[in-house]
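Colleague: Construct all of the structure, not just a fragment, from the sequences and the given hints.
First to last, the protein sequences are chains A, B and C. Here our numbering = 1-based position in the first sequence + 9. Here our numbering = 1-based position in the second sequence + 9. Here our numbering = 1-based position in the third sequence + 9.
Quick caveat, the hints were computed from the structure, so don't treat them as lab data. Since this is a predicted model, take the numbers as computed values, not measurements. Treat the hints with care, as some may be off.
Stated by the list, open to error - Heads up, incomplete: computed chain B residues facing chain C, CB under 7 Å, no partners named: (1) 37; (2) 40; (3) 49; (4) 83; (5) 86; (6) 87; (7) 116.
No residue lacks a Cβ here, since even glycine has one placed at the ideal position from N, Cα and C.
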Amino acid sequence: GGGRRFVRSHDYDSPCKQMKFYFHDILYDYSNSTTNSTSAAATKPTALATAVSSNGTFFGQMVVFDDPMTSSSALPPLLNVTADSVRAQGLYLYDKKEAYNAWFAFSIVFNSTVYGHGTLQLMGADIISQKTRDISVVGGTGDFFMSRGVATLRTDAVEGFVYFRLQMDIKLYECYV
Amino acid sequence: GGGRRFVRSHDYDSPCKQMKFYFHDILYDYSNSTTNSTSAAATKPTALATAVSSNGTFFGQMVVFDDPMTSSSALPPLLNVTADSVRAQGLYLYDKKEAYNAWFAFSIVFNSTVYGHGTLQLMGADIISQKTRDISVVGGTGDFFMSRGVATLRTDAVEGFVYFRLQMDIKLYECYV
Amino acid sequence: GGGRRFVRSHDYDSPCKQMKFYFHDILYDYSNSTTNSTSAAATKPTALATAVSSNGTFFGQMVVFDDPMTSSSALPPLLNVTADSVRAQGLYLYDKKEAYNAWFAFSIVFNSTVYGHGTLQLMGADIISQKTRDISVVGGTGDFFMSRGVATLRTDAVEGFVYFRLQMDIKLYECYV
Numbered sequence: 010g011g012g013r014r015f016v017r018s019h020d021y022d023s024p025c026k027q028m029k030f031y032f033h034d035i036l037y038d039y040s041n042s043t044t045n046s047t048s049a050a051a052t053k054p055t056a057l058a059t060a061v062s063s064n065g066t067f068f069g070q071m072v073v074f075d076d077p078m079t080s081s082s083a084l085p086p087l088l089n090v091t092a093d094s095v096r097a098q099g100l101y102l103y104d105k106k107e108a109y110n111a112w113f114a115f116s117i118v119f120n121s122t123v124y125g126h127g128t129l130q131l132m133g134a135d136i137i138s139q140k141t142r143d144i145s146v147v148g149g150t151g152d153f154f155m156s157r158g159v160a161t162l163r164t165d166a167v168e169g170f171v172y173f174r175l176q177m178d179i180k181l182y183e184c185y186v
Numbered sequence: 010g011g012g013r014r015f016v017r018s019h020d021y022d023s024p025c026k027q028m029k030f031y032f033h034d035i036l037y038d039y040s041n042s043t044t045n046s047t048s049a050a051a052t053k054p055t056a057l058a059t060a061v062s063s064n065g066t067f068f069g070q071m072v073v074f075d076d077p078m079t080s081s082s083a084l085p086p087l088l089n090v091t092a093d094s095v096r097a098q099g100l101y102l103y104d105k106k107e108a109y110n111a112w113f114a115f116s117i118v119f120n121s122t123v124y125g126h127g128t129l130q131l132m133g134a135d136i137i138s139q140k141t142r143d144i145s146v147v148g149g150t151g152d153f154f155m156s157r158g159v160a161t162l163r164t165d166a167v168e169g170f171v172y173f174r175l176q177m178d179i180k181l182y183e184c185y186v
Numbered sequence: 010g011g012g013r014r015f016v017r018s019h020d021y022d023s024p025c026k027q028m029k030f031y032f033h034d035i036l037y038d039y040s041n042s043t044t045n046s047t048s049a050a051a052t053k054p055t056a057l058a059t060a061v062s063s064n065g066t067f068f069g070q071m072v073v074f075d076d077p078m079t080s081s082s083a084l085p086p087l088l089n090v091t092a093d094s095v096r097a098q099g100l101y102l103y104d105k106k107e108a109y110n111a112w113f114a115f116s117i118v119f120n121s122t123v124y125g126h127g128t129l130q131l132m133g134a135d136i137i138s139q140k141t142r143d144i145s146v147v148g149g150t151g152d153f154f155m156s157r158g159v160a161t162l163r164t165d166a167v168e169g170f171v172y173f174r175l176q177m178d179i180k181l182y183e184c185y186v
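Modeller: In C-alpha cells:
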C-alpha cells in the first residue's frame, strides 16, 4: 500500500532504473543432469522445420524454462535455490524456418536482498542474428510495480545445444517509486 | 471513438478501477464431462518433469483454457454460455521442476451487462506456494481501452487434478475513462 | 540514445501513430510448399477438441508463425525475405471448444525503409465470430520505443485450412517521438 510517485524517463541512455544480469539456460537433452537442467522442450520441432532443414532450425519448438539470473557470468553454485534469487520463468519458441531465431515471453521473479521482491513481465523477438536485440518489459509487480521498459539481450556464450548464456540489460523508463 | 480522460492512481490500495472475480478451471482428464471441461493439456509434462518427480510437477506442460469468471464462488449454471459472460482465454504453463508452479498469459473477454465490453490482457508468474501473488495487466481494449494494472491471485479451491478456483482481484492504475 | 518526447492520444480515432497492414498466414499441412509455408502447428488439437467436435474447433492447438505483413493485400513475391520487410513472429492458439476462436501473442519485427526499424509486442483475443476485434499493443522497441496501443483485426480472406489473411490496423496512443 501507500502512495508512489510516477517517474518517466525520455532518454534511452538514462532509464529510471537499470539492472544487468546473466541469463543461464541449461536445456535437458534426455542424458544430462536432471539436477542442473533448467529448461526442457515442451514440443518437438514441427514437420515444417524438419522438411526445410536437416540440421535444424527447430521452427515451432517451444521450450519452458526456470532459469537462474546472476549478476556475474558464472553459474550460481546451486542452480535451483529460490531463496535470495532472481529467476526467469516462461517460454521461448523457435520461430524461423530458414534460420535459428527465437521469441520470448516470461517473467523475472525477484526474491533478492539486492534487487528486491516482485516480478517483471517481458516479451519480444530475440533476433539471434543481431549482436544486440531489444525486447519489451510490459509490466511489473511488487518493488517493480507497474514498470515498463526495454531489455537488451546479447548472446554471451553458447555450448552446443545444451547451454546458452545471455547478457540481459534491463532498463526501465516508466517507474513508480 | 470520442475523447477519453487519462487517470493514473499512485496508490496500490486505491486503483482507478477494481473488479473481483472467481476464475474456474475444469481440466479435461480424458474421462470427465466434455460439456463441463473448460481447459485441456496441449502438451504433456516434459521428460525432465518425469525424470525428477514421479508424482509430478508437470514441468513444461501447457494448458489452454476458456474459463468462466464469476462474481461469486459458485460455478455458473451453464459453463459455456458466452452471452453476458466474463471469460478468461489463453494458456498456463507449469514451469518448475521441483515444485508445482505456474505461469499465465491470457485475455479476459468481457461481454457483460455488469462489467462492460472489451478485453484485458494479463501475464505473470503464478507462484503457487505464496498465499497471494500479483500478475500484470498489460493492456486493454473496448471499455478497458489502454488499461494497465495488477491482478492479485489467491487459490480458493482445489479438487484433485481436475478443478481449481482462483480469486482474482483486478486493480487498474492507469485508466482511460 | 537521445531524448524523446512523450505523446499521449486520448481519442480512439486520433492515435499518435497509425499503420495498416495485411497479415498473411500460410499453414504447412504436410503436403503444401515448404518454401511458401509461413506457419506450422506445434501441437495437435487436444483430446477435448476431438471429443466435442468431429469437424474441428482445434481447441488447444498452438501454431507458431513467421508471417509476412504487407501494405497491400497481395502476397509478397518472396515470402521469406527479411531485408526491407515487416514480419509478425509468435504464436496463436485455438481456445474454444464449441467454436473456431483464437488467441494471439507475437511481435511485429520492422526492418523497413518505409516503416522504420524496431518491434511491437501484441497480445489479445481474436474473437473470430466478430467482424472486427481489438487486441493490445503492449510494448515496443527501436523506432517504436515504449509504444502502446490497439490493433484492430478483420478477416480479409480464408482459403480452407491453409491460408488466411487479416487486415491489421495498428493504432498507437502512447508514443515516444
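Colleague: So, against the hints stated earlier in the document, which numbers end up violated here?
Modeller: 2, 4, 5 and 6
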